[in-house]
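Residue numbers (the working numbering), protein chains in the order written: chain A, 8 to 400; chain B, 8 to 400; chain C, 2 to 379; chain D, 2 to 379.
I should point out that these hints are in silico values taken from the structure, not numbers from a laboratory. For glycine and all other residues, C-beta sits at the position ideal for the given N, C-alpha and C. Treat the hints with caution; some may be incorrect.
Taking beta-carbon pairs under 8 Å as the criterion, some of the chain B residues facing chain A (in silico) [to be verified]:
#1 Leu284
#2 Val289
#3 Asn292
#4 Pro397
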Amino acid sequence: MDFSFTEEQKNKRQEFFKVCAELAKDRMRGFEGFESSYDTDEGWKYHLYCAKEFARRGWLSLAWPEEYGGSGNMMDRVLFAEARGYHGVPGVDVFGVQMLAPTILACGSEEIKREFLPKIATGEIQFCELWSEPNAGSDLASLTTTAIKQGNEYVINGQKIWTTGAHRAHWSFGVYKDDLGGKPHHNMVFLLFDMKTPGVTIRPIKYIHNMHIYNEVFLDNVRVPAKVVGQEHEGWAVVNTLAAFERSNIDDIMRMQRDIEHVVAYCNTTKQDGVPLARNPVIRNRLAKIAGEVEAARMLAYRVADLQNRGELTLMEAGAVKIFESELLERFASLMTDVLGPYGQVKMSRWSPMDGWWERIYQEHFVQSISMGTNEIQRNLIAWRGLELPRMK
Amino acid sequence: MDFSFTEEQKNKRQEFFKVCAELAKDRMRGFEGFESSYDTDEGWKYHLYCAKEFARRGWLSLAWPEEYGGSGNMMDRVLFAEARGYHGVPGVDVFGVQMLAPTILACGSEEIKREFLPKIATGEIQFCELWSEPNAGSDLASLTTTAIKQGNEYVINGQKIWTTGAHRAHWSFGVYKDDLGGKPHHNMVFLLFDMKTPGVTIRPIKYIHNMHIYNEVFLDNVRVPAKVVGQEHEGWAVVNTLAAFERSNIDDIMRMQRDIEHVVAYCNTTKQDGVPLARNPVIRNRLAKIAGEVEAARMLAYRVADLQNRGELTLMEAGAVKIFESELLERFASLMTDVLGPYGQVKMSRWSPMDGWWERIYQEHFVQSISMGTNEIQRNLIAWRGLELPRMK
Amino acid sequence: MDLRFTEEQEMLKTSAKDFLVAECPKSKVRELEEDKIGHSPELWKKMAELGWMGLIIPEQYQGMGMTFQDGMALIEEVGRNLLPEPFISTLVASFAILAAGSESQKQEFLPKISRGEIKVSLAYLEENGKYDVSGITIKAAPRGEDFILNGTKMFVEMAHIADYLVCAARTGDSAKPEDGITLFIIDAKSPGITTEIIPTIASDKLCEVKFDNVQIPKNNVLGEVNKGYQALKDALRKAAIVKSVESVGSMQACIDMTVAYMKERVQYGRPIGAFQALQHLIADAWIATQTARYLVYEAVWKESSGLPCDKEASMAKAYTNEAYKFVSKWGIRLHGGIGTSREHDMSLYYRRAKAADCAYGGTDFHNEIVARELGFQK
Amino acid sequence: MDLRFTEEQEMLKTSAKDFLVAECPKSKVRELEEDKIGHSPELWKKMAELGWMGLIIPEQYQGMGMTFQDGMALIEEVGRNLLPEPFISTLVASFAILAAGSESQKQEFLPKISRGEIKVSLAYLEENGKYDVSGITIKAAPRGEDFILNGTKMFVEMAHIADYLVCAARTGDSAKPEDGITLFIIDAKSPGITTEIIPTIASDKLCEVKFDNVQIPKNNVLGEVNKGYQALKDALRKAAIVKSVESVGSMQACIDMTVAYMKERVQYGRPIGAFQALQHLIADAWIATQTARYLVYEAVWKESSGLPCDKEASMAKAYTNEAYKFVSKWGIRLHGGIGTSREHDMSLYYRRAKAADCAYGGTDFHNEIVARELGFQK
């Protein structure tokens, strides 16, 4: 058992942290986290700026095979994610860089690789994911949006929902029914297309706290070239490949780690009745508990990274860190909004302690527990695939 | 909305509390609660002594119709249960008095009523419940022990398990398959018999904390007279009637109420570093929360009593108080064993604070959450019958 | 013992529910929330016509003279429907006027409140954010026939549209924080008062109110100088109960909405309400609601019967604070994506659960009262 | 980074597991628990032959010279199988001897420990029940070439069969509770020592040890007089990690046992493991186990690498205390009735979870260390 980094990793990590710390200085107040990137023009601009900074260092293609410009080392991605999470810096397109690129590397044709990987690596195009539909949330297999092949093109009709950043992204990847009479799991295609294609209509869905992150995307006779990843009719296999590129959530966890430090500083400097909050035994006790849980989450993320490095990651382990991290974030935000008393409800403003961060996270934590397979689905997977308990038919 | 008692009820309640307080003085250290009654000869003796004291006041037949010696008033039972719970006094046979008697009143023939009700009212015979079987726990319908009618007798063969107090009880009530080819729910009989009948073998099952509460009961050609409640083959209907006499759990809740008072006194008088535990902000905070939950449980129990008084009690409401009370007891015991530090693990002895009560309850609380329909089953019932959510087939 | 609402209360609940569904649908709630002012004079007028503002005000002051308990039957529906408006704030302020006001003050203010002509709000929290009485620090100094008030009050509900503020300030120094507090009823348009809306999770128009040498005639002292504590405490205890009742109504709405969605939303070929794990989650949410309900009803009953209930009120508020957050959180989780949309009603409840928690005392504050009332030495 | 056990450690684990399954089945565990003495000399001898007591003791003292981390691989199996015996107590005492003992003391005691010839136990808690160093109050007064020890130690593991006790006592007065503590190694058969077993939830033979004018030769001071704190602290930190590792092994056993039961137990025509609500409960128990595991491994790695880890050790112990209680509680709940039987293995784990919580610091004690290490002002 060895939790240490090699000298080389330590150096790289230091470099990642240095650059991210530098970038964080340019960040406007309250523009932290990838959700903020989508909400405002300034946020998006900042995201693209960070992306360029990363791209020119080759950091958007870190773990790729060397022939496509990467280092081939999964651990680099983890170290980079730690730095971004800790400093709250965006710049990495979750969809293009973290999900699509490895999927293309695993399932894409050489043509697709040559066309898209360089554009992802340079941050030139940002992606969104056309995934859930109104009646296909957790149960993706029941989607109904169609992509019918006509010559070298597909014609897409239907509706997608919960599309993060559709209003910002240049391109999309998504999955559609391409064989109406086909057998389940052999009737879908995994397609990429330009979001400016005629027939694409985007309607914003405001999040609980009013940020514009999600969208509905209406697809009305959208005619696109056949940029297919994998084989036609076999998009389901690609979906499963993509699902296997689960994140270790290390960035979110490092953000909590940093939050612990912020909170300690806040409690040491904020007095009530002349006594720092830090001396309140109830607050000390509760925050120590949360800090221990953050540390546990961090170690579990390392465990996931370690498995991923060896190609041994299971849905069970990825699910565990996802569930634990998301529900811990909720506990942390609940605790902090309580610690802040009536100020816990105040949005970012001249009255808000810690820039209104906890009021925001108190709402935003649902992004973690509901997206990417709800925690309830994840618990099923742990039981079924991990503990090998029977499924009820 | 009126939470008050009538003057008459107040007077009765006072009388119940007075008698129970008096009885509690004769109790040996550590012999509190009905579980203790079964464990030792002294405990059982004390239980029977209390039973006699109650019987001669007519308190074992409180809510019965007047023609059988009761007051006909359900509320009396609640008030009496409060007093017993608060003072930790046994004396009321859960099975005979609380479960069987109302069942007989609802489903029994006049003959059965005349034979058994007086003996229950005098405390002359104590019952046990031959219910679960090794392969029929939550799923009682799958039981396999048979009672085959031969003339005016039944011959019983099979095995029962988790029989509380089988080693103490004089008589049993139970349910058996009496029609091997019969349709489900129309193939059982609800029978009473004397536990000293030849062929009955009792093997103790020690509880987590080593108390002898439960037993296995082996039934080998047990030949008994046909003391049937309800109709032959129709025992399932009787089972459901009995299940409807859910307790409000008010006695267990009043015990917790009393425990809160004990704990406050303990924390006020026990010092650490010269300061009473009561001044420890973490302890104050956690115990205040528990006390609020105990109060909530008490009010919910009143709600159940109020419904019961009007014959409107549903499984949903009874289930809610059962779930809440049992899991609250667990939280309370967990908290208290923590508050006591390393002494939280000490069994009743010269070293144990509060007579080792919390070490005991830390184990005994499972009696509440697992018996009488596990809390998981209760949650199903709330969802199905209360919230009318669909069952998965 | 009869834990049901009376027939009269049931009728009041039904008519309130019907009124709110018709006059203040969720679209209106959302509109008022996003609105800068957040107040609909038309709606207010209709409520006034029904006598809502004067519900618990005695008939001699043109109120309806109902009991506290009757009033709470209405409040539960207010909670279910998430009525915005300066209704709770005016109600709470009227508690203070009823408790501390002189006969002439009552004659002056209560009929206007009953008729819906004035909106009042209680200003007690300050920048220190303390719910405890020691948090009251701003000073009112006597000058001739007046008091001169300086300082800042925080989280004053809808102060931006209030006609009057009931404000607690220090007029005397004392070792005991309970002493030296005076309640004033202040014309909100007095020179020197500036009001600014604080942006909050529930957009519920809590305000910062700055008093800069505000002149208050001595006539506007509610009760005795330096002796305002008891009336304030009583008003705040009642307010905690009111908020708890409101929350119970809201929780029930979360349960109803979520159960309905679970029956209707199909995934994997069946309504999601058929999944056992989700059934258990909603069962727990229902239990939380039901336990909160009767704990709160007990406090309502005691308050309404004039019985001491500091402990019960604080138990109710502490428990309900957490229960409402819990229930609304699971409401969102069980709705999945759609529950996280601001357009969806669940989001309204979730955000207001946090606001309800903050109003009239957080959980730890109330649990400390409970500890004290239980007899824990301090 | 490689978070797997080394091949050597895996072999050690496998052989330990095989040994324990064969030589110390649960029937034996239960027998030793119900037994008055609770120690099997035969089993102890076999463990000694395998070198277990000397696993982390350097080779120069006839130990196996393995790393702390190697040792923990074994401890995890000890936890999985619930080995009774004065094994952990002797291990913890050996940490103190290694840290504080002089060369001649090491030469005297460690080889005997390695060979299994003596059983040692650490006496640090007292009647005040405080885990904190300020809980150490009993006094050892110098008299000629000796110290005279008076007072009572509590919860001393298996002191009734220990050959030696490592005991912390006050030899000097000081404002700082860390100063003035001296560690002694005391012959448990010294006149004036009386030992009584305290009945506990896990029947794990924790003892009250009374010292009545016990004469201790100055030679038996471990380290310097008045300066015993650091060695005690280090030993207790290691002990907290050991206990956490043991608990992780126990939690995994609870999971394995419960999952197996869920596959086998049929109710309503299907294995209970097919019920989604129960699946989610066991999934949560597994997550608790897995999070505890890697948090504990981090502490193990830091301790083994000589890195400072007060914070990590306390995080691990605090987290594991609660996780083990949680997992074993659900183990029982998911087993239903059978899980509440003393004859069933689940009951052993449940009771020991509470004992593990109490050993070497409860949750709040360790969380206070965490708060301090995080930088919260005191």
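Comparing the hints with the structure gives:
no.: 1; hint: Leu284; verdict: 13 Å, violated
no.: 2; hint: Val289; verdict: 5 Å, holds
no.: 3; hint: Asn292; verdict: 5 Å, holds
no.: 4; hint: Pro397; verdict: 14 Å, violated
Comparing the model with each numbered hint stated earlier shows that hints 1 and 4 do not hold.
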